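Here the structure of chain V is known, so what remains is to put chain C in place on it, guided by the hints.
Protein chains: 2
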Amino acid sequence: MEKAGIDVLFVTDPANMNYLTGYDGWSFYVHQMVVLSLDEPEPVWIGRPMDGNGAQVTTYLKDENILDYPDDFVQSDSNHPMDRVAEIAKSRGWHRKRIGVEMEAYYFTAGAMEALRKNLPRTRFKDARHLVNWVRIIKSRKELEYMADAARIVERMMRIGIQNIEPGIRQCDVAAEIWRTGVAGTRKFGGDYPSLPPMLPTGSGIAAPHLTWTDERFKHGEGTALELAGVRHRYHCPMARTVFLGQPPKKMRSAAKVVLEGLQAALDAMTPGTTAEEVEAAWRRVVSRHGITKESRIGYSTGLNYPPDWGEHTISLRPGDRTLLQENMTLHCVPAIAMEGWAIEISECVRVTPKGGKPLCDFPRKLFVRR
Amino acid sequence: MEKAGIDVLFVTDPANMNYLTGYDGWSFYVHQMVVLSLDEPEPVWIGRPMDGNGAQVTTYLKDENILDYPDDFVQSDSNHPMDRVAEIAKSRGWHRKRIGVEMEAYYFTAGAMEALRKNLPRTRFKDARHLVNWVRIIKSRKELEYMADAARIVERMMRIGIQNIEPGIRQCDVAAEIWRTGVAGTRKFGGDYPSLPPMLPTGSGIAAPHLTWTDERFKHGEGTALELAGVRHRYHCPMARTVFLGQPPKKMRSAAKVVLEGLQAALDAMTPGTTAEEVEAAWRRVVSRHGITKESRIGYSTGLNYPPDWGEHTISLRPGDRTLLQENMTLHCVPAIAMEGWAIEISECVRVTPKGGKPLCDFPRKLFVRR
Numbered sequence: 025m026e027k028a029g030i031d032v033l034f035v036t037d038p039a040n041m042n043y044l045t046g047y048d049g050w051s052f053y054v055h056q057m058v059v060l061s062l063d064e065p066e067p068v069w070i071g072r073p074m075d076g077n078g079a080q081v082t083t084y085l086k087d088e089n090i091l092d093y094p095d096d097f098v099q100s101d102s103n104h105p106m107d108r109v110a111e112i113a114k115s116r117g118w119h120r121k122r123i124g125v126e127m128e129a130y131y132f133t134a135g136a137m138e139a140l141r142k143n144l145p146r147t148r149f150k151d152a153r154h155l156v157n158w159v160r161i162i163k164s165r166k167e168l169e170y171m172a173d174a175a176r177i178v179e180r181m182m183r184i185g186i187q188n189i190e191p192g193i194r195q196c197d198v199a200a201e202i203w204r205t206g207v208a209g210t211r212k213f214g215g216d217y218p219s220l221p222p223m224l225p226t227g228s229g230i231a232a233p234h235l236t237w238t239d240e241r242f243k244h245g246e247g248t249a250l251e252l253a254g255v256r257h258r259y260h261c262p263m264a265r266t267v268f269l270g271q272p273p274k275k276m277r278s279a280a281k282v283v284l285e286g287l288q289a290a291l292d293a294m295t296p297g298t299t300a301e302e303v304e305a306a307w308r309r310v311v312s313r314h315g316i317t318k319e320s321r322i323g324y325s326t327g328l329n330y331p332p333d334w335g336e337h338t339i340s341l342r343p344g345d346r347t348l349l350q351e352n353m354t355l356h357c358v359p360a361i362a363m364e365g366w367a368i369e370i371s372e373c374v375r376v377t378p379k380g381g382k383p384l385c386d387f388p389r390k391l392f393v394r395r
Numbered sequence: 025m026e027k028a029g030i031d032v033l034f035v036t037d038p039a040n041m042n043y044l045t046g047y048d049g050w051s052f053y054v055h056q057m058v059v060l061s062l063d064e065p066e067p068v069w070i071g072r073p074m075d076g077n078g079a080q081v082t083t084y085l086k087d088e089n090i091l092d093y094p095d096d097f098v099q100s101d102s103n104h105p106m107d108r109v110a111e112i113a114k115s116r117g118w119h120r121k122r123i124g125v126e127m128e129a130y131y132f133t134a135g136a137m138e139a140l141r142k143n144l145p146r147t148r149f150k151d152a153r154h155l156v157n158w159v160r161i162i163k164s165r166k167e168l169e170y171m172a173d174a175a176r177i178v179e180r181m182m183r184i185g186i187q188n189i190e191p192g193i194r195q196c197d198v199a200a201e202i203w204r205t206g207v208a209g210t211r212k213f214g215g216d217y218p219s220l221p222p223m224l225p226t227g228s229g230i231a232a233p234h235l236t237w238t239d240e241r242f243k244h245g246e247g248t249a250l251e252l253a254g255v256r257h258r259y260h261c262p263m264a265r266t267v268f269l270g271q272p273p274k275k276m277r278s279a280a281k282v283v284l285e286g287l288q289a290a291l292d293a294m295t296p297g298t299t300a301e302e303v304e305a306a307w308r309r310v311v312s313r314h315g316i317t318k319e320s321r322i323g324y325s326t327g328l329n330y331p332p333d334w335g336e337h338t339i340s341l342r343p344g345d346r347t348l349l350q351e352n353m354t355l356h357c358v359p360a361i362a363m364e365g366w367a368i369e370i371s372e373c374v375r376v377t378p379k380g381g382k383p384l385c386d387f388p389r390k391l392f393v394r395r
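From first to last, the protein sequence lines are chains V and C. Residue numbering for the first sequence follows my numbering, beginning at 25 and increasing consecutively. Residue numbering for the second sequence follows my numbering, beginning at 25 and increasing consecutively.
Bound conformation, chain V alone (with noise of 0.2 Å):
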């Protein structure tokens, strides 16, 4: 905060709240933050009354740490809760400091913004777009805990996916044996809901990547590209397969040796003091060798998050980032090909460490075919 200029910070991206205080809930549908400012020993939580209660059981903060705003200002077009964020803001000081505000956080809208900056028009406010997303970056050992019990849990999912893929089978009922095996997750520990719902695209809407379910039967001679992740304490590992019912036609499975290879690649060279741009050049010269392009980036940064992403928005590994990979990043790398009517996605979620990219899931890594 001090090298960015700024005194007060402004949190409103839930993965933020939870990774700077604990605060863990379903309640991001209202407006909600934590404060943190340079003179204060102690962070403060604003909500929604009934959610304070919850701030109560997930957080370490002092009971008059936990603050609120009346709950009819909720969804009303006549008061907003930044208007009682302001006030707060007034008594406290904060509005003669300068103020940093997550312009980039999912529910911090622009009327969040208008609302604040009309209460408090003399207030400088900076813009901390992923500023804590990027105190986040390394993982700690208890973080990295965390993943690999996902990890656990989406092999059960992806197993269970894989298993229950067969023609005549509806993608719902598939999708509903997924859920529960992630949501259960193991006989030591439960498993958590993913911050992105089961992907399955199948068939000719492979290439539509973030279409979920419907209720249509898988089909002989179609292919699926299954994208879940395991969560544990919000914490996820993501994981990609590709399954294909049936003879895969010739040209799917030269592609899938290149992503495997490419992926390999890739994974190779994350290491430590690596620019998240040399990994998807390492893909990059596998790939072109064999004619196939991709725009889109190959990976991000993986973790703590909640709906609707579980990409941590720092790095990309795509041309033009030149972030230094460091030991104990965790990145999410997803090199897909997609062509007309078909696609190949294989992933790995991995721990940066002196060897490479080191897979947090132990599944085989390949194209799956069932006869």
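Because the hints were derived from the structure by calculation, they are not lab data. Hints may contain errors.
For chains that are exact copies, the list does not tell them apart, and a pair is met inside one copy or across any two.
To be verified - Here are the computed lysine-lysine pairs in the DSS-like style, where the Cα-Cα straight-line distance is at most 30 Å:
#1 K318 with K166
#2 K150 with K86
#3 K114 with K212
#4 K275 with K114
#5 K166 with K150
#6 K150 with K275
#7 K114 with K274
#8 K121 with K86
#9 K142 with K121
#10 K166 with K27
#11 K150 with K274
#12 K212 with K142
#13 K379 with K142
#14 K27 with K390
#15 K142 with K114
#16 K86 with K166
#17 K114 with K379
#18 K275 with K390
Note that the structure is a prediction, hence the values are computed from the model and not measured.
Same frame as chain V, now just chain C:
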């Protein structure tokens, strides 16, 4: 739009995008929008290239009206997708018109608005918050069919939830069965992901309604409030019930009676021409006779939505909301009472009819007791 003085509307709320074009996909974790211009025959979809494929599959739009921004604008600190939107606006002359923006749509960030203003400094932006939401308030026959399907699904979810809650069973295992049931749906039609996960606060955590499940086990002598929704084609039917393991304390049983009486009074009041606040007053009259007050709203409009909320952000059943109810509005009436260490939450999702609020579900309305 004409009444609101708007020529061009930038629609960023995923439910509104769906309502206007059919677009459906879990892609709201990147910036996207649908643009309505009074001068153009069809809406325009703008998003990430790979999601343009999804727009081709799910919308009625002509290919020429599905536009995208370069993929490396995704979660980039140097380029904003709204930079591209501004270019498109200039090329179509929208920048000289009055542009409406949804200031309170979850995914329309403060940074998105800032990027638009920077690129289009002379454009007059108008706050169009909830403009489309209010258009959605009365449900068509087709929408009511989807909600009836969702009701069949949530009846199953609730039955499974109540059956599975037993002393010694982990919360995550009950949540897992509820998820599976909701996503699988019925034999005739599949289910969809709900916009909030199953909520099942239990024991002393019951007063913190938005905490999600843990690995803890259900205990004899404790109550659990289940709040769930079935979903069909993104249309929700929510339902809440409370379960107690063992003999409920006397004050809890009498509170349940009060809640049921108050809920019935509210439903009876839900006739066309009644105001939202009069419905709340009908509930309040009953419960205040028993010395109970509740500060938060007792219900809201529901139907089509995406995470993080299944409410439609229009009607709230609370003092000050003078919206006149009309036939075929759909509301979730969810009057909960929370005390130290316990709560009673029993709800109905209803359609407004001349005879009052007609529940979409057919499910016993009581405090469930499992001995």
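Against the structure, the hints:
1. K318 with K166: neither (35 Å within a copy, 41 Å between copies)
2. K150 with K86: within (28 Å within a copy, 41 Å between copies)
3. K114 with K212: neither (48 Å within a copy, 57 Å between copies)
4. K275 with K114: Neither: 65 Å inside a chain and 43 Å across chains, both beyond 30 Å.
5. K166 with K150: Close neither inside one copy (32 Å) nor across copies (47 Å); limit 30 Å.
6. K150 with K275: neither (51 Å within a copy, 51 Å between copies)
7. K114 with K274: neither (67 Å within a copy, 46 Å between copies)
8. K121 with K86: within (24 Å within a copy, 51 Å between copies)
9. K142 with K121: For K142 and K121, both the intra-copy (16 Å) and inter-copy (25 Å) Cα distances are at most 30 Å.
10. K166 with K27: Within one copy only: 27 Å inside a chain, 56 Å across chains, cut-off 30 Å.
11. K150 with K274: Answer is neither; intra-copy 54 Å and inter-copy 55 Å both fail.
12. K212 with K142: So K212 and K142 fail the 30 Å test inside a copy (51 Å) and across (52 Å) alike.
13. K379 with K142: This pair counts as neither: shortest intra-copy Cα distance 53 Å, inter-copy 45 Å.
14. K27 with K390: The answer is neither: 46 Å in one copy and 58 Å across copies each exceed 30 Å.
15. K142 with K114: Classified as both: same-chain Cα gap 13 Å, cross-chain 29 Å, threshold 30 Å.
16. K86 with K166: within (24 Å within a copy, 50 Å between copies)
17. K114 with K379: neither (52 Å within a copy, 50 Å between copies)
18. K275 with K390: For K275 and K390, the Cα distance is within 30 Å only inside one copy (15 Å; across copies 60 Å).
Checked against the numbered hints above, the structure violates hints 1, 3, 4, 5, 6, 7, 11, 12, 13, 14, 17; every other hint is satisfied.
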